[in-house]
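> Residues per chain are reported as follows:
2 protein chains.
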Amino acid sequence: MSSSSAPLKIVVIGGSAAGPKAAARARRLDEHASITLIQKDPDLSMASCGYPYYIGGVFDDRNQLICTPAGIVRDPNFFEKAKRIEALVLTEAVAIDRAAKTVTCRHLPSGETRVIPYDRLVIATGATPLFPQVPGTDLAGIHTLHSLGDADQLRAIRDQGQVRRAVVVGGGLIGFEVCEALHLAGIQITVIEKTDCILPFLDPDLARLVANHVRANGADIITGNGVAAFLGEHGRLTAVKLDNGTELPCELAVVAVGVRPNIALAQAAGLTIGEQGGIAVDEYMRTSDPDIYAAGDCVECTSLITGRKVRAPYGDIANLQGRVIGRNLIQPETATFPGITHTGICKIFDYTVGITGLSARQARALDFDIETATVAGLDIPGYMHGKLLISLMVAERGSGRVLGFQCIGPGDASKRVATVAMAIRGGLTVEDLGNADLPYAPPYSLALDHVIVSAHVLENKLRGLMHGVSAAEVKQRVDSGADCFIIDTRSPQEFEEMRLGIGETLIPQGALRGRLNELPEDKDREIILYCKISLRGYESAAILQAHGWRNVRVMEGGVMAWPYPREK
Amino acid sequence: MSSSSAPLKIVVIGGSAAGPKAAARARRLDEHASITLIQKDPDLSMASCGYPYYIGGVFDDRNQLICTPAGIVRDPNFFEKAKRIEALVLTEAVAIDRAAKTVTCRHLPSGETRVIPYDRLVIATGATPLFPQVPGTDLAGIHTLHSLGDADQLRAIRDQGQVRRAVVVGGGLIGFEVCEALHLAGIQITVIEKTDCILPFLDPDLARLVANHVRANGADIITGNGVAAFLGEHGRLTAVKLDNGTELPCELAVVAVGVRPNIALAQAAGLTIGEQGGIAVDEYMRTSDPDIYAAGDCVECTSLITGRKVRAPYGDIANLQGRVIGRNLIQPETATFPGITHTGICKIFDYTVGITGLSARQARALDFDIETATVAGLDIPGYMHGKLLISLMVAERGSGRVLGFQCIGPGDASKRVATVAMAIRGGLTVEDLGNADLPYAPPYSLALDHVIVSAHVLENKLRGLMHGVSAAEVKQRVDSGADCFIIDTRSPQEFEEMRLGIGETLIPQGALRGRLNELPEDKDREIILYCKISLRGYESAAILQAHGWRNVRVMEGGVMAWPYPREK
Numbered sequence: 018m019s020s021s022s023a024p025l026k027i028v029v030i031g032g033s034a035a036g037p038k039a040a041a042r043a044r045r046l047d048e049h050a051s052i053t054l055i056q057k058d059p060d061l062s063m064a065s066c067g068y069p070y071y072i073g074g075v076f077d078d079r080n081q082l083i084c085t086p087a088g089i090v091r092d093p094n095f096f097e098k099a100k101r102i103e104a105l106v107l108t109e110a111v112a113i114d115r116a117a118k119t120v121t122c123r124h125l126p127s128g129e130t131r132v133i134p135y136d137r138l139v140i141a142t143g144a145t146p147l148f149p150q151v152p153g154t155d156l157a158g159i160h161t162l163h164s165l166g167d168a169d170q171l172r173a174i175r176d177q178g179q180v181r182r183a184v185v186v187g188g189g190l191i192g193f194e195v196c197e198a199l200h201l202a203g204i205q206i207t208v209i210e211k212t213d214c215i216l217p218f219l220d221p222d223l224a225r226l227v228a229n230h231v232r233a234n235g236a237d238i239i240t241g242n243g244v245a246a247f248l249g250e251h252g253r254l255t256a257v258k259l260d261n262g263t264e265l266p267c268e269l270a271v272v273a274v275g276v277r278p279n280i281a282l283a284q285a286a287g288l289t290i291g292e293q294g295g296i297a298v299d300e301y302m303r304t305s306d307p308d309i310y311a312a313g314d315c316v317e318c319t320s321l322i323t324g325r326k327v328r329a330p331y332g333d334i335a336n337l338q339g340r341v342i343g344r345n346l347i348q349p350e351t352a353t354f355p356g357i358t359h360t361g362i363c364k365i366f367d368y369t370v371g372i373t374g375l376s377a378r379q380a381r382a383l384d385f386d387i388e389t390a391t392v393a394g395l396d397i398p399g400y401m402h403g404k405l406l407i408s409l410m411v412a413e414r415g416s417g418r419v420l421g422f423q424c425i426g427p428g429d430a431s432k433r434v435a436t437v438a439m440a441i442r443g444g445l446t447v448e449d450l451g452n453a454d455l456p457y458a459p460p461y462s463l464a465l466d467h468v469i470v471s472a473h474v475l476e477n478k479l480r481g482l483m484h485g486v487s488a489a490e491v492k493q494r495v496d497s498g499a500d501c502f503i504i505d506t507r508s509p510q511e512f513e514e515m516r517l518g519i520g521e522t523l524i525p526q527g528a529l530r531g532r533l534n535e536l537p538e539d540k541d542r543e544i545i546l547y548c549k550i551s552l553r554g555y556e557s558a559a560i561l562q563a564h565g566w567r568n569v570r571v572m573e574g575g576v577m578a579w580p581y582p583r584e585k
Numbered sequence: 018m019s020s021s022s023a024p025l026k027i028v029v030i031g032g033s034a035a036g037p038k039a040a041a042r043a044r045r046l047d048e049h050a051s052i053t054l055i056q057k058d059p060d061l062s063m064a065s066c067g068y069p070y071y072i073g074g075v076f077d078d079r080n081q082l083i084c085t086p087a088g089i090v091r092d093p094n095f096f097e098k099a100k101r102i103e104a105l106v107l108t109e110a111v112a113i114d115r116a117a118k119t120v121t122c123r124h125l126p127s128g129e130t131r132v133i134p135y136d137r138l139v140i141a142t143g144a145t146p147l148f149p150q151v152p153g154t155d156l157a158g159i160h161t162l163h164s165l166g167d168a169d170q171l172r173a174i175r176d177q178g179q180v181r182r183a184v185v186v187g188g189g190l191i192g193f194e195v196c197e198a199l200h201l202a203g204i205q206i207t208v209i210e211k212t213d214c215i216l217p218f219l220d221p222d223l224a225r226l227v228a229n230h231v232r233a234n235g236a237d238i239i240t241g242n243g244v245a246a247f248l249g250e251h252g253r254l255t256a257v258k259l260d261n262g263t264e265l266p267c268e269l270a271v272v273a274v275g276v277r278p279n280i281a282l283a284q285a286a287g288l289t290i291g292e293q294g295g296i297a298v299d300e301y302m303r304t305s306d307p308d309i310y311a312a313g314d315c316v317e318c319t320s321l322i323t324g325r326k327v328r329a330p331y332g333d334i335a336n337l338q339g340r341v342i343g344r345n346l347i348q349p350e351t352a353t354f355p356g357i358t359h360t361g362i363c364k365i366f367d368y369t370v371g372i373t374g375l376s377a378r379q380a381r382a383l384d385f386d387i388e389t390a391t392v393a394g395l396d397i398p399g400y401m402h403g404k405l406l407i408s409l410m411v412a413e414r415g416s417g418r419v420l421g422f423q424c425i426g427p428g429d430a431s432k433r434v435a436t437v438a439m440a441i442r443g444g445l446t447v448e449d450l451g452n453a454d455l456p457y458a459p460p461y462s463l464a465l466d467h468v469i470v471s472a473h474v475l476e477n478k479l480r481g482l483m484h485g486v487s488a489a490e491v492k493q494r495v496d497s498g499a500d501c502f503i504i505d506t507r508s509p510q511e512f513e514e515m516r517l518g519i520g521e522t523l524i525p526q527g528a529l530r531g532r533l534n535e536l537p538e539d540k541d542r543e544i545i546l547y548c549k550i551s552l553r554g555y556e557s558a559a560i561l562q563a564h565g566w567r568n569v570r571v572m573e574g575g576v577m578a579w580p581y582p583r584e585k
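Heads up: the sequence lines are chains A and B, in that order. The opening residue of the first sequence carries number 18 in this note's numbering; numbering runs sequentially from there. The opening residue of the second sequence carries number 18 in this note's numbering; numbering runs sequentially from there.
A portion of the hints provided could be inaccurate.
Identical copies carry no separate label here, and so any pair may be met within one copy or between two of them.
Derived SDA-like pairs (lysine to any residue); straight-line CA-CA distance at most 20 Å [what the hints assert, rightly or not]: (1) K404 - I89; (2) K26 - F76; (3) K98 - N80; (4) K326 - G481; (5) K404 - A233; (6) K404 - P460; (7) K492 - M515.
Worth flagging that the hints you see were computed from the coordinates, not collected in a lab.
Using the sequences plus the hints, can you model the full thing?
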């Protein structure tokens with residue numbers, strides 16, 4: 018199609034992530050194409066995931082969010098000079114005429130419209146933040162964090178130092194990134210989450226541990242409670258009122274309850290919208306019109322784990338998709354984007370919170386027959402000052418295929434999530450992970466890395482060698498007065514320093530064989546064992562099973578993964 | 018085989034890594050088995066990879082190398098109490114009688130021998146450090162770093178502070194770990210390496226960059242020169258004499274030139290020894306005698322990449338193999354160890370140096386038809402204070418299968434090596450890696466992680482979109498006065514701050530389209546382009562190719578990966 022006589026005409030709507038990536042790659046593959054980029058915002062190629070760190074003062078130069086690694090701001094002049102791409106900023110695409118193959122756009126400051134012809138079109142219109150439909154949303158002091166303009170405003174609030182109390186509406190990734198940023202600015206924060214649990218991609222015990230960490234850092238969290246109204250005086254926010262009537266006085270509210278894909282333009286042009294509400298695309302990132310591609314927050318894509326359509330409004334995915342389109346624009350049907358593995362990560366104070374694949378809850382809701390393992394341990398050896406990681410790995414029974422991995426804690430969870438993300442992409446099993454040859458040296462890992470140990474515990478559970486019980490289940494048994502015998506298998510010194518106080522008996526693992534007479538005579542009574550991380554709990558369980566006790570369970574993750582109050 | 022009436026008799030020879038792991042797992046799977054562990058050294062379950070950090074003073078308590086995560090020293094009493102394993106230390110296994118199914122061992126202090134019957138036997142006899150066969154090896158002051166006793170001696174040398182100059186013989190992983198440890202102790206170090214290149218698992222350009230870093234930290238390196246003799250006075254080392262006659266005065270030499278597997282016991286018992294000199298085992302880690310297993314530094318195992326037998330004397334592999342044996346001891350032929358992916362890592366001053374899979378050199382020597390990409394970039398965004406990574410990815414042409422990945426630099430190379438290690442295990446292609454859904458947030462990664470960008474560059478090379486040239490090749494062309502036209506495509510400011518000084522012309526990428534008239538008229542003349550990391554180099558190359566130049570190459574990794582002297 019791209020002949021030397023008639024340069025290919027490419028139009029890209031959207032200049033944030035997927036759009037510029039597609040345009041730049043198309044340019045590298047075809048020096049002669051005419052490429053026009055239409056961007057509603059004043060800025061181009063913004064590193065939007067960096068906004069919370071700009072707001073929090075990790076860096077001060079706003080241009081770092083919009084410049085190349087070599088320090089050149091990506092403005093229309095840069096696009097023209099470096100990439101020979103015409104970038105029209107403050108310009109909104111208002112209509113696509115598929116028959117005429119044109120895009121009509123309007124320059125927002127002047128109101129002038131222009132009709133641009135295309136041979137191939139890219140839609141990368143992104144998403145819009147959701148907003149609770151409650152009274153008071155027009156008050157001053159209510160923000161979202163979506164555009165660079167939003168970031169500018171929140172940064173100014175930080176710099177002015179006038180706001181004392183803020184409410185973050187929404188306990189997801191962005192909510193907690195904003196929480197930390199504002200906390201760094203000395204603002205007292207409450208995060209409110211409508212559902213019962215923060216970070217809903219995590220399973221509940223891990224989410225509780227993260228919540229404990231947030232509270233330990235001085236920010237508050239309220240779950241199971243949505244916003245009923247924003248209250249104010251003289252047009253300014255003074256409080257957030259919750260569903261249960263509680264009023265939280267504050268001068269600032271930041272709403273981060275998710276986004277909806279911007280599909281109006283595509284819909285008006287008659288393009289197919291998918292079941293998840295995003296623009297439908299095939300593996301070439303092509304819409305229902307073969308000359309129109311779409312990518313980024315406005316599309317839906319395929320889950321490589323479930324095969325289902327999902328939305329994945331993340332900056333890295335947008336870039337990957339944009340790159341695929343860049344090639345297909347010039348060489349149609351040569352590049353594919355097979356799908357995602359549900360990977361995400363977030364820094365929350367001193368914790369990293371990461372996931373790849375499905376949580377246990379998600380997997381069960383999708384009717385997978387699963388087994389899980391919760392494992393606590395250090396990222397590197399104690400003598401190298403290792404830090405704690407707590408993870409939950411999910412696998413399919415039968416096949417043993419790894420379906421998901423959550424990892425949190427002060428340790429290096431990012432590496433472990435990346436490792437398992439690649440294992441999931443490769444369709445690897447728990448046994449494959451348990452035999453993995455990973456880079457080992459004391460500054461980087463235990464001899465058997467946390468990922469490998471997690472796989473070993475899960476393999477033991479899949480084979481019926483270990484019967485686990487979660488901290489939540491133990492708490493429930495204790496609270497309901499269930500007749501179970503609980504053994505802490507740690508040393509007397511560890512017990513003295515800190516204990517759970519749930520009616521446990523201290524029997525150090527090394528002493529267990531000599532103290533079997535202290536155990537319940539009823540061999541069917543439930544016995545729950547744990548230690549610091551539950552390796553000794555597991556070893557103790559094996560001893561009891563060998564001596565005839567039939568209902569022996571190991572509390573997974575041990576004391577380190579216990580998210581409830583302790584005695585000391 | 019393990020009936021309740023006659024407990025299974027298990028004997029394990031070797032108490033360092035694979036042996037205790039096998040014994041402990043067997044115990045968890047069979048509470049009634051009789052398990053005896055025979056260990057020549059005084060210590061058990063030593064974290065031997067931690068020795069350099071103990072020597073360097075990262076921690077001071079030697080017991081941290083031999084204690085459990087809960088702080089309990091793994092001595093015979095611990096093994097008896099916690100695991101009901103009889104651990105015989107300072108005891109050497111001297112003979113295996115396969116017909117009688119017994120092991121004869123001797124208690125070293127007393128000289129007493131004992132004959133221990135076994136149903137199943139594990140050989141985990143480890144390896145012995147190699148030593149150059151030159152005059153003077155009996156002088157005081159020459160050490161290896163293999164046993165905890167060796168570590169104790171080197172730590173004492175550090176603490177005494179008498180040694181001023183030391184020579185490390187051997188430029189491999191352990192040599193450089195020792196180099197750093199002694200350097201931390203204030204000792205002036207020279208590392209000598211017989212071959213032309215340090216760290217022979219790296220390709221030369223990356224090895225040169227590591228060598229630059231070592232020298233920048235004040236340690237010296239001499240390559241292409243082995244030890245001719247150790248020189249001394251009054252029985253004490255005074256200098257190391259090299260093959261070229263140079264004498265390096267020193268009070269200490271540490272030899273780290275590799276290990277050879279301890280196979281004498283197995284060989285004497287008539288077990289099959291493999292082509293690589295290690296004990297031959299099958300996927301169950303079983304020797305040629307079905308009742309005898311072997312693991313760790315004394316065996317050879319399978320490369321998952323080449324299918325060939327290799328030796329992999331690493332602590333993590335020993336542990337993985339020991340775990341497989343632990344299960345097979347109780348439930349024969351139920352667990353397998355499929356093989357390794359050649360993964361290794363090392364901290365060298367502020368650099369991490371890691372590899373998984375094959376280097377380009379190794380792959381070519383094995384007759385793989387390969388393509389490579391050298392990529393420089395940050396681990397996390399510049400605004401988050403990202404640090405440099407330089408990597409070299411190797412893939413098979415045709416299939417696109419990833420064969421190897423080296424990654425070095427002050428950035429977090431460990432995560433990237435782990436990620437690619439898992440990709441190699443999954444048999445993934447460059448295209449799979451280029452579409453990977455990895456955990457992205459600014460504290461952890463660029464929007465497109467270094468691993469993904471490496472895959473993109475390699476994919477471009479595999480598809481012929483980019484023609485690369487290595488720094489070494491450019492240096493050779495420059496030194497030989499080859500007729501090539503070299504363009505630095507960075508900004509005038511970057512050029513002013515630092516430049517290569519190899520006869521290059523500065524034409525900033527954004528200005529290139531307007532300055533094509535400055536380029537060679539001969540469209541077949543070789544043009545070499547680069548920038549800081551060579552993205553702008555690549556973009557510029559695309560422009561030149563589109564304008565008819567036919568011999569355009571991008572210097573991979575740009576200025577950041579240039580390992581030779583620069584002009585400023």
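> Hint by hint, note whether the structure agrees.
Evaluation of the provided hints:
no.	hint	result
1	K404 - I89	between (38 Å within a copy, 19 Å between copies)
2	K26 - F76	neither (39 Å within a copy, 64 Å between copies)
3	K98 - N80	within (19 Å within a copy, 63 Å between copies)
4	K326 - G481	neither (34 Å within a copy, 34 Å between copies)
5	K404 - A233	within (17 Å within a copy, 30 Å between copies)
6	K404 - P460	both (12 Å within a copy, 17 Å between copies)
7	K492 - M515	within (17 Å within a copy, 62 Å between copies)
Hint violations for this structure: numbers 2 and 4, all remaining hints satisfied.
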